[in-house]
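Please build the complex by placing chains B, C and D on the supplied structure of chain A, with the hints as guidance.
Protein chains in written order, with the working numbering: chain A, 1 to 252; chain B, 1 to 252; chain C, 1 to 252; chain D, 1 to 252.
These are calculated hints, taken from the structure and not from any lab test. It is possible that part of the hints are untrue.
Note that identical chains are pooled: a pair holds if it fits in a single copy or bridges any two copies.
[Unchecked claim] Distance condition first, Cα-Cα at most 25 Å in a straight line; then the derived DMTMM-like pairs of lysine to aspartate or glutamate: (1) Lys112 / Glu85; (2) Lys7 / Glu149; (3) Lys21 / Glu172; (4) Lys43 / Glu26; (5) Lys112 / Asp82; (6) Lys21 / Asp64; (7) Lys112 / Asp86; (8) Lys25 / Asp71; (9) Lys21 / Glu68; (10) Lys43 / Asp4; (11) Lys7 / Asp46.
4 protein chains.
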Amino acid sequence: MAVDHRKRITIWNEFVHERTKPEVKELYPDGIHETIRHALVEKLGDGFNVGCATLDQPEHGLTDEVLENTDVLLWWGHAAHDRVEDAIVAKVHRRVLSGMGLIVLHSGHASKIFQRLMGTSCMLRWRDAGELERLWIISPGHPILAGVENPYFELPAAEMYGEHFDIPEPDELLLISWFEGGEVFRSGCTFRRGQGRIFYFSPGHETFPIYHNVNVQCIIANAVQWAAPITRGTYDPDGRHIQASLSPIKCA
Amino acid sequence: MAVDHRKRITIWNEFVHERTKPEVKELYPDGIHETIRHALVEKLGDGFNVGCATLDQPEHGLTDEVLENTDVLLWWGHAAHDRVEDAIVAKVHRRVLSGMGLIVLHSGHASKIFQRLMGTSCMLRWRDAGELERLWIISPGHPILAGVENPYFELPAAEMYGEHFDIPEPDELLLISWFEGGEVFRSGCTFRRGQGRIFYFSPGHETFPIYHNVNVQCIIANAVQWAAPITRGTYDPDGRHIQASLSPIKCA
Amino acid sequence: MAVDHRKRITIWNEFVHERTKPEVKELYPDGIHETIRHALVEKLGDGFNVGCATLDQPEHGLTDEVLENTDVLLWWGHAAHDRVEDAIVAKVHRRVLSGMGLIVLHSGHASKIFQRLMGTSCMLRWRDAGELERLWIISPGHPILAGVENPYFELPAAEMYGEHFDIPEPDELLLISWFEGGEVFRSGCTFRRGQGRIFYFSPGHETFPIYHNVNVQCIIANAVQWAAPITRGTYDPDGRHIQASLSPIKCA
Amino acid sequence: MAVDHRKRITIWNEFVHERTKPEVKELYPDGIHETIRHALVEKLGDGFNVGCATLDQPEHGLTDEVLENTDVLLWWGHAAHDRVEDAIVAKVHRRVLSGMGLIVLHSGHASKIFQRLMGTSCMLRWRDAGELERLWIISPGHPILAGVENPYFELPAAEMYGEHFDIPEPDELLLISWFEGGEVFRSGCTFRRGQGRIFYFSPGHETFPIYHNVNVQCIIANAVQWAAPITRGTYDPDGRHIQASLSPIKCA
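So that you can see chain A by itself, here it is in the shape it has in the complex:
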């Protein structure tokens, strides 16, 4: 039987608003995850196998088999962070440290998994007034920004996310957003934790067609490629000490 050598992407969505709010359902009739999946399939082509998982599935769709075979996980959550089981969060955490990429979208800033990886509250300032957001490029030339409009691109109606954003200093700051109402936000940030690469990307409120925006789609597709590990590692971040030989080597 043929082995599937494609990178495996899993888009996780709590999938709540799309079933309860008509205006969200209209924008994302099959769920935010399906809109993102279509965009990734179109942009990434044959080298990637893109699947989805949602909160209401058994084990939230994140079984051991799915996690073991996921190279990059995307995370969208908002209304139901508390309903994500701690045991599943612990497994995702371990997989990120073992090398799985993680892309945290929008309100996922307050998810258990992002808070656990960051070690901070990850809280921020916000306002849902459908205002103009202009995203400035801070790291031109970064692979995650390849093909994106320079020196900025705009979202005509967005939820404001503002500073202070309580995260550790990012490894790389890729985007800073300007909001019409007077705020700024570090809207694209990379972090490495264990062997895993993490990208936080703030646009994405469910009541706006953000995930239909070509620049947003482009950045997510680039981030998937950036976050994918070269090989599925054998690293064990499971919490055990490694005891070295009791006899130190002798210097020649």
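Just chains B, C and D, lined up with the frame of chain A:
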């Protein structure tokens, strides 16, 4: 009644080995915390009020009153990480994000509080063979290293801690240790999380007189000064979103 | 004779606009340097000795004796970057690597000394339209921001400096500015180079009373304290290799 | 005529020792650059076009045409840093800021181009005693380390490079070397400057067969892929300010 304007330091020690192992009791008859306390009092002088807390005290000695009034907390634990209650860890975590400094010593790398702040396993390689450790200065001029021997100082018999050390990239790497047996280790690292400053410093095995070493004492005293907040802040990292006004300001 | 143990601060100003443009002279009749000097004397008190130096003095006022005895140098330049002699720049560069703090103000981003320390072009986007600048605090609790209004403060009329700002990733990002016209800017950044601490702080256009603003004065005074070395070091960044002993030490 | 879409790699070597010292010529009969070129061709395959340039060629082999068409430049120099012309260094500097990758090898730490990009002296401690170097992996999972022996690999006889190494804090620290004689060194470091990615990799003394080592070859080949820009950019780091429109945009 006079107000005490001194910075308040609390040295937390699990205080287990010193009561169960004769060779440790001999080195630290009143506990590692008392040895460190004496060194800090001597080196820091009148501007600091240095106290201690231990695992076996009610609330591990870290009551709300103690934590609220602590500017810098030192942490030494090894055999009893699991016996530290999660509720206390959560309080310490919140205080660090609110601006309390934290100095994590030696085997405290595997403490709940350090793992929670780092978001990684914090695991490492080790060997207890009493070998030579030479600590090289990587950031000459850093306030934490003021007065320390340049370009390195030595501990004649130490426990080896080796890479890979599973931590986020430190904000500043101050020391790298060379071990006789063939390993290296990032032995002095700074991190900022929320408003709190964190310093991890690896020397300190309980069976060696590490905390009697003048360079080690000097670095801990410097770190206390570096980690102390300018003012006790009013920042709230408690996990609540800050909702901004629904009407964005108008540009003039 | 009594030794002066105070930290020595030198404010360097090209001092051109104040003598050629009436509107600048009105705001800064004795030069921007004198306005800053008065603010520092008032805020820093007796522990600091604050002097000035200007372009038109011999050696631009930065003789060997002045540089050797300066703990923190402030730099304001704009119209005359090219008239600063390379030999003086080389001396300032060496002193920063040896531990002298450096605070680069506003248009000093394009100075020879800042470009040399950063290794990049340090170029940016700008517009002189007297628009509203709102400076958001990104690192609450940082000593340089002690006492500054939280979560932001404003300058009602400022020159816009915007991204992309071509600098290396700062060690710490303290402030991000929002501009009325639609731009953002990393307006407060720290860097360490050699033993020296560097702070870049963007407000300060000569045609606005920026250096009379209490928050701006407060940040500069804090930065002086932050950048001052603990001791005047003996480190030699002068370009010579250090050849170690040809016989490696023997492991015990 | 067919367009060559392959990434273009240029290996620059001063090519002095190989022509003057018999023991070096024996190890690298056609020059260090040719040994590296063969390794890269073997490991990188058809997607890359690997060429060389040397000091004694006109414009040191780095004409405008060569530089414009180079995606990643490797740099080996030691005895003749001063003979590299400043005008060529300025061009290479501009190309790195424009997005060309740069891999600096061994004694290239003291090259004009590396010093200019770092802004520091880049000096270090050294000893040529043919001692054991053990390179520990600090960032497991990093693409530059893909396929390299874990948790360390060794070079049985190497020149010692030791701390303090006077560089800015690296963006990512990938390797720390342990030396038999008692030193440590940050032997693999990444930096981003402008749009360019830079990797410093310390092994490589000309009197040892370092560039015949499979782990060393593997790391250089990985670094070439990591440093290659996605696209050849149009970014201009040339020193001109970008003046934005004098009329700020109006908020809707």
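Cross-check of the supplied hints:
1. Taking identical chains as interchangeable, the C-alpha atoms of Lys112 and Glu85 lie at most 25 Å apart whether they share a chain (9 Å) or sit on different chains (20 Å).
2. Proximity of Lys7 to Glu149 under the C-alpha cut-off of 25 Å is restricted to the inter-copy arrangement: shortest distance 23 Å between copies versus 27 Å within a copy.
3. Taking the shortest alpha-carbon separations for Lys21 and Glu172, neither the intra-copy value of 36 Å nor the inter-copy value of 41 Å comes in at or below 25 Å.
4. In this homomeric assembly, Lys43 and Glu26 come within 25 Å of each other (Cα to Cα) only inside a single copy, at 23 Å, whereas the closest approach across copies is 51 Å.
5. In the homo-oligomer, the alpha carbons of Lys112 and Asp82 lie at most 25 Å apart both inside one protomer (8 Å) and across protomers (22 Å), since each shortest distance falls under that limit.
6. Proximity of Lys21 and Asp64 under a CA criterion of 25 Å is satisfied in neither setting, with 32 Å inside one chain copy and 43 Å between copies.
7. Proximity of Lys112 and Asp86 under a CA criterion of 25 Å is satisfied in both settings, with 8 Å inside one chain copy and 16 Å between copies.
8. In this homomeric assembly, Lys25 and Asp71 never come within 25 Å of each other (Cα to Cα): the closest approach is 29 Å inside a single copy and 46 Å across copies.
9. Within a single copy, Lys21 and Glu68 get their C-alpha atoms no closer than 34 Å, and across copies no closer than 44 Å, so neither meets the 25 Å cut-off.
10. In this assembly of identical chains, the alpha carbons of Lys43 and Asp4 lie at most 25 Å apart whether taken from the same copy (19 Å) or from different copies (24 Å).
11. In the homo-oligomer, the alpha carbons of Lys7 and Asp46 lie at most 25 Å apart both inside one protomer (9 Å) and across protomers (22 Å), since each shortest distance falls under that limit.
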